[in-house]
Amino acid sequence: MELNAISIGFIVFTIFTLGGAIGVVTTRNLFQGTIWLMVSLFGVAGYFVLLSAPFLAAVQVLVYIGAIAILITFAVMLTRSVARIKVRYMRLLPSLIGSLALFLILLLGVTMPIFGAHPPGSIPDYVASTRDLGAALVDENGYVVPFLLASVLLTAAMIGAIFIARDENA
Amino acid sequence: MVPLWMYLAVAAALFAIGVFGVLSRRNAVAILMSVELMLNAVNINLVAFWRYSETGTDLLLNGYVFTAFVLIVAAAEAAVGLAIIITVYRNRRSVIPEEARALKG
Chain A
83 MELNAISIGF
93 IVFTIFTLGG
103 AIGVVTTRNL
113 FQGTIWLMVS
123 LFGVAGYFVL
133 LSAPFLAAVQ
143 VLVYIGAIAI
153 LITFAVMLTR
163 SVARIKVRYM
173 RLLPSLIGSL
183 ALFLILLLGV
193 TMPIFGAHPP
203 GSIPDYVAST
213 RDLGAALVDE
223 NGYVVPFLLA
233 SVLLTAAMIG
243 AIFIARDENA
Chain B
219 MVPLWMYLAV
229 AAALFAIGVF
239 GVLSRRNAVA
249 ILMSVELMLN
259 AVNINLVAFW
269 RYSETGTDLL
279 LNGYVFTAFV
289 LIVAAAEAAV
299 GLAIIITVYR
309 NRRSVIPEEA
319 RALKG
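Same order as they appear, the protein sequences are chains A and B. Residue 83 is where the first sequence starts when you use the numbering used here, and the numbers rise one by one after that. Residue 219 is where the second sequence starts when you use the numbering used here, and the numbers rise one by one after that.
Please keep in mind that the hints were generated in silico from the structure rather than gathered at the bench. Using N, Cα and C, we set each Cβ at its ideal position, and we do this for glycine too. Any given hint might turn out to be false.
[Claimed, not checked] Non-contacting residues of chain B with respect to chain A, defined by C-beta distances greater than 10 Å in every case (computed):
| hint | residue |
| --- | --- |
| 1 | A294 |
| 2 | A318 |
| 3 | R319 |
| 4 | L321 |
| 5 | K322 |
[What the hints assert, rightly or not] To be clear about the criterion: a stretch of chain A counts as covered by chain B if any three or more of its residues have a C-beta under 8 Å from a C-beta of chain B, and this derived list gives those stretches:
| hint | region |
| --- | --- |
| 6 | 93-107 |
| 7 | 117-126 |
| 8 | 142-148 |
| 9 | 184-190 |
| 10 | 209-222 |
| 11 | 225-236 |
Extracted from the complex, chain B is given alone in its bound form (with noise of 0.2 Å):
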C-alpha cells in the first residue's frame, strides 16, 4: 500500500514545478497551462486525505466533493481566461502578459 505522504510529495513537486512555470514563462498560455497543473496538485492532496481519513460508521464526502467544485471551477477560469487572452491579442498582437499594460498607472 501506498502510503499517504507519497502522494503528498508528488502534489508538492508537481505545485512547485507549476509556481515554476506561472512564474517564469513568458507565454500567457503557458502560464495558464502551469496554473492547471497546480490546480492538479491541489486535487491529488484533496483526494488522498479524503480516501485516508478515517470516516468512521458515517459517509464523509467532503474531499470527494471539493475536487469535483474545484474541477468546475477550473474549467471556468480556463474558459474566461483563454478568452481573455484572445481579446488582447486581437487588439494587442502579444500573449506576452507584460505588454498588455494599457490600465497602467
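Isolated chain A (complex conformation) (with noise of 0.2 Å):
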C-alpha cells in the first residue's frame, strides 16, 4: 500500500473509529463515553468520504453525531443513577474471548479467499452519484417502496418513543 492522501485518511480514520470505540467500551463515565462515540462515528463518516459516497458521509455526521449521539447523552443524564453502579463490567473475560475469537475468525474470513476469489485490485472508475441516488429513490423500478416504508417506520417509531417515555403521572 503505497503512501498518498487516501491511504493516510485510511489510517487517520481508522484510528478514529477504532480509537472511539474502544474508549466507547472502556470508558467509566458514559458521558465521556458518548463523546468516544463520536469520535468512532466520525471515523466511520471519514471512510465513506473515502469510498467515495459523500452523500452518506453527511447523513451519518447529521444523523449519528447530530441526532442519535445527542439523543444517548440526553438518556445519559435523565438516567443518574450512573454514579451508583461500581461495576463497569460483567462476565468480563467470557465476553473478552469470546468477541476476540469472534474477531479473529472474521479476520480470517476476509483476508483468506474462502468465500470466493478475491475481487480485483482496482475498483471502477465511473461511480454512481448522489443524483442517481434520489432518483433511484423515487423510482418505480428502484426502491419506492422501501423508501416509503421507511417513512412509515420512522413515522411508527416517533410517535411509539413519544407514546413509552410519557409521564403517566403528569
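Put the two chains together into one complex, using the hints given.
As C-alpha cells, this is what we get:
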C-alpha cells in the first residue's frame, strides 16, 4: 500500500474509528463514552468519503453525530444512577474471549479467499452520484416502496417513542 | 489505493468491539451505544462492497441504498430503545438490564 492521500486518510480514520470504539466500551463515565462514540462515528463518516459516498458521510454526521449521539447524551443525563454502578463489567473474561475469537474468525474470513476469490485490485472508475441515488429512490422500478416503508417506520418509531416515554403521572 | 480487505478488517474489529460492549457492559445505555458501533461496522462493509463491486454498464445502487436504510432503522431503534430505558429507569430507578425482570416467569 503506497503512501498517498487516501491511505493516510484511511490510517487516520482507522485510528478515529477503533480508538473511539475502544473508548466507548472501556470508559467509566458514560458522558465521556458518548464523546468517544461521536469520535468513532466521525471516523466512519471519513470512510464513507474515502469510498466516494459523500452523501452518506453527510447523513452520518447529521443523523448519527447530530441526532443519535445527542439523544444518548440526554438518556445518560436522565438516568443519573450511573454513579451508583460500581462495577463496569459483568462476565468480563468470557466476553473478551468471545469477541476476540469472533474478530479472529472474521479476520480470517476477509483476508483468506475462503468465500470465493478476491475481487480485482482496481475499483471501477465510474461511481454512482447522489443524483443517481435520488433518482433511484423515487423510481418505481427502483426503491420507492422501501423508501415509503422507511417513512412509515420513522413515523411509527417517533409516535412509539413519545408514547413509551410519556410520564403518566404528569 | 486501499484494498477491500482492509476496510473489511476494520469493520470486523469494530463489530468485535461492539459485541464485547454488548456482552460485558452493565449499563443499558452503554449496551445501546455498542449496538450503534456494530451497525456502523455493517455500514462500512456495505459501502465498501458497493464501491469495489464491478458495476458494468448499468447502475447498481443496492449497497448505497441499503446503507441509507440501515441509518434510518438505526435512528428508529435508538429513539425507541432510549425511550424504553428511560421508562424502565423511571419505574425501577435502575439502568441495569438484569434488574428489569418483572416479566420473568
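Hint by hint, here is what the structure shows:
1. A294: 3 Å, violated
2. A318: Non-interface label on B/A318 holds, nearest chain A Cβ at 12 Å vs cutoff 10 Å.
3. R319: 15 Å, holds
4. L321: 15 Å, holds
5. K322: Per Cβ check, B/K322 is outside 10 Å of chain A; nearest 17 Å; holds.
6. 93-107: holds (count 7)
7. 117-126: holds (count 4)
8. 142-148: holds (count 3)
9. 184-190: Holds, because 4 residues of the region 184-190 of chain A bring their Cβ atoms closer than 8 Å to Cβ atoms of chain B.
10. 209-222: Answer holds; 6 residues pass the 8 Å Cβ test.
11. 225-236: holds (count 5)
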